Amino acid sequence: MTESKQNVFQWFVEVFCKQWVWQKFCVNLVYKKFDKWKGWLYLSPALVLLAIFTIWPIFNTIRMSLLEGYTTMKAVNGQSFAFGIGNFTRVLKYPGFITCLKNTVLLCVLTVPISTFLALLIAVCLNSIKFLNRFLQTVFFLPYVTNSIAIGMVFAAMFNMIIGGSVRPDSVGIVNNVLEALGFNYVNWVNAGSEYWANIVVMTVYIVWNALPFKILILLGGLQSVNKQYYEAAKVDGTSRARTFWRITVPLLSPMLAYVIITGFIGGFKEYSSIVGIFGESMGPVGDAYALDTMVGFIYRAIGNQEGTASAAAIILFFIIFAVTMVNLYVSKKKTHY
Amino acid sequence: MKVELQNLTKIFPSRNKKENSEVIAVNNFTFEIPDGKLVGLLGPSGCGKSTTLYMISGLQKPTSGKIFFGDEDVTELTPENRGIGLVFQNYALYPHMTVKQNILFPLQNLKGEDKMDKETMLKRAYEAAKLVQIDELMDRKPSELSGGQQQRVAIARALVKMPRVLLLDEPLSNLDARLRLQTREEIRRIQRETGITTVFVTHDQEEAMSISDVIVVMKLGVVQQVGKPQEVYDNPTNLFVAKFLGTPPINVFDGEVKGGKLYLGESAVLDVPGVDDRAVYVGIRPEGFVPAEDGVLEANLSNVEVMGRDVSIVSTHSASLNPVVRSIVDADYKIDRASETVKLNLKPHKVFLFDKETEERIYFEVN
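If you read the sequences in order, they're chains U and V.
The numbering of the first sequence is the working numbering, which starts it at 2 and goes up by one.
The numbering of the second sequence is the working numbering, which starts it at 407 and goes up by one.
Simulated from the structure, these hints should not be mistaken for lab results.
Since this is a predicted model, take the numbers as computed values, not measurements.
One or more hints might be untrue.
Said to hold, decoys possible - The list that follows gives simulated cross-link-like pairs (lysine-lysine, DSS-like), each with its CA atoms no further than 25 Å apart:
1. V/K664 with V/K529
2. U/K335 with V/K408
3. V/K756 with U/K131
4. V/K524 with U/K334
5. U/K229 with V/K756
6. V/K664 with U/K236
7. U/K334 with V/K506
8. V/K408 with V/K467
9. U/K236 with V/K524
10. V/K506 with U/K229
11. U/K336 with V/K524
12. V/K634 with U/K236
13. U/K335 with V/K472
14. V/K756 with U/K236
15. U/K236 with V/K749
16. V/K664 with V/K443
17. V/K506 with U/K336
18. U/K236 with V/K547
19. V/K467 with U/K336
20. U/K271 with V/K529
21. V/K547 with U/K229
22. V/K547 with U/K39
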């Protein structure tokens, strides 16, 4: 080896190899330590926001619900509160609370099964047609991106019936027009003096319509991932359409169905804006305010003057939703095939 | 039940109207599957073998042509009215049902006079399960079974209705090598025991040859040759069939016939009486070579692979169209590995001549 070559070789060893070893050492040092907390680093933006807007409010709600007669005004003025369950007893003794609970549960029980079944039916139909498939998927998804208050006002107009003149009403919503065309009498759906069942029908129609798009989307996605060969196998075996639906489609969709039902119940127990959308903040037809009050409605009204009561009601609602979800999960575990 | 296919043709229309890209998947397929036989539809991917199977099943409608089961025209019948059992390539077992429920499912679909009471159904299901030896797995879900067991469940589900014809789509392709050997024997046994006319599709020539009574070799929707596996192997009608059957594959050479003799390169290797002077493709099966001192074909030896019972001589030859010439000879022949060349004689009945244009077989008299 000539001298110059040797020099180059030495230089190579010194510069590259040593640097390489050194680098590896440093990188290992930094990375190994970094490894431990880099997961937390990447999570931190979400965690910080969650902590401020979700976790702290939850704990604060629990705290507020357990301080007797807590209001923000009094707290700001430096007043201290005794520890106790007075807020809870006040919620339970409040005469409107039973109405709230009844309305909430009734709407849940009515809307979740209806909307789930309809969504399943529509998803299956959408999945089986080829013509206009994409277009119709978009159409069915539109309600999801529309403001629920706006939809509520449209529904309120559709179900409207204002009787002014003696012979004919001045304003009749499209629903009553259809009823008239079919030979039925007008029904007072949402106006002053309307009956409770009519209000519930309107609310059910509206909530179901509002809940459909999301459910259709989820179920359609599930349907499209089902292997077509199951249907071919069923066809070869001479399975009737109904049996194919109930024995093959529904079980294969059961994970999606479980998800849709559970989130449906959770959403149903938080029903509020849909009622405001149709009846306004009085949450009932004119002259019968709060006839359609719900748990969340109750909580909202208590905010501003009785935060302690509102917190207690929120905690109660939380436990109701928790219990219902537990039941849902328990049932779906038995019926779901993952 | 014999199955008859008459001029069966399936054309898939082109995707868009501007391009004329329609695909003729199956072209004028006429064939009679004898009663109680196991028939293998064999061919490379896209040759229309699966399409043929699906047309027999009724899941796909032929563009033209007719299908008969026995004397009954079933062309217009739906799958469930044809009385077929179909085993899918990936089995298509219902994942949410147990093995028992899967096997019972076709029986529970029966309506009208065919309807059975629960006990009969269970009895039939257990009979089918016993036949494929899965009667101890009846309460498991498909996900808890191995590939081979799933395959058996699929066969049991297809057999439980006592179909007139059993159809298997690539039945062994999802199994590992060992299981494949075992399962193909199993399919053979089940077919023998039940005596059901069975059609199966495969791209694996070894699989088809080993268990079929009759094989049908297809290429691009056209039937190339039909016959007993050994007959097709010994007597291919064209170069495609000769190349497709056999492992290791046939050796193909550029050859020439001059004055009743076949020349490979410079050397005359075989008397081919009755063939006019012309250029030909020459196919020689690996087992068609005999090493000999006075061998007529001299090839450059590149390797000798010992396989125990046999020896595989790998060599090169200027006229060969394959990269190497592979010959399989008895291990008793001692091959000098150090030697540069190897001299080989040919067995005349293992040598096939094919026309250069049409690739059809040119027959000559074997003494």
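Do the hints match the structure? See the list:
1. V/K664 with V/K529: violated, 70 Å
2. U/K335 with V/K408: Status violated; Cα separation ~47 Å.
3. V/K756 with U/K131: violated, 55 Å
4. V/K524 with U/K334: violated, 28 Å
5. U/K229 with V/K756: Status violated; Cα separation ~47 Å.
6. V/K664 with U/K236: Roughly 61 Å between the alpha carbons, so the hint for V/K664 and U/K236 is violated.
7. U/K334 with V/K506: Holds, at roughly 21 Å.
8. V/K408 with V/K467: holds, 20 Å
9. U/K236 with V/K524: Since the Cα atoms of U/K236 and V/K524 sit roughly 22 Å apart, the hinted pair holds (cutoff 25 Å).
10. V/K506 with U/K229: Answer holds: V/K506 to U/K229 is near 22 Å, not above 25 Å.
11. U/K336 with V/K524: Holds, because 23 Å separates the two Cα atoms, which is no more than 25 Å.
12. V/K634 with U/K236: violated, 33 Å
13. U/K335 with V/K472: Not OK: U/K335 and V/K472 at ~48 Å, beyond 25 Å, violated.
14. V/K756 with U/K236: violated, 48 Å
15. U/K236 with V/K749: Violated, at roughly 61 Å.
16. V/K664 with V/K443: violated, 45 Å
17. V/K506 with U/K336: holds, 18 Å
18. U/K236 with V/K547: holds, 21 Å
19. V/K467 with U/K336: violated, 38 Å
20. U/K271 with V/K529: This hinted pair is violated, its Cα atoms lying about 53 Å apart.
21. V/K547 with U/K229: Answer holds: V/K547 to U/K229 is near 20 Å, not above 25 Å.
22. V/K547 with U/K39: Given that 25 Å is the threshold and the Cα spacing comes to 42 Å, the pair is violated.
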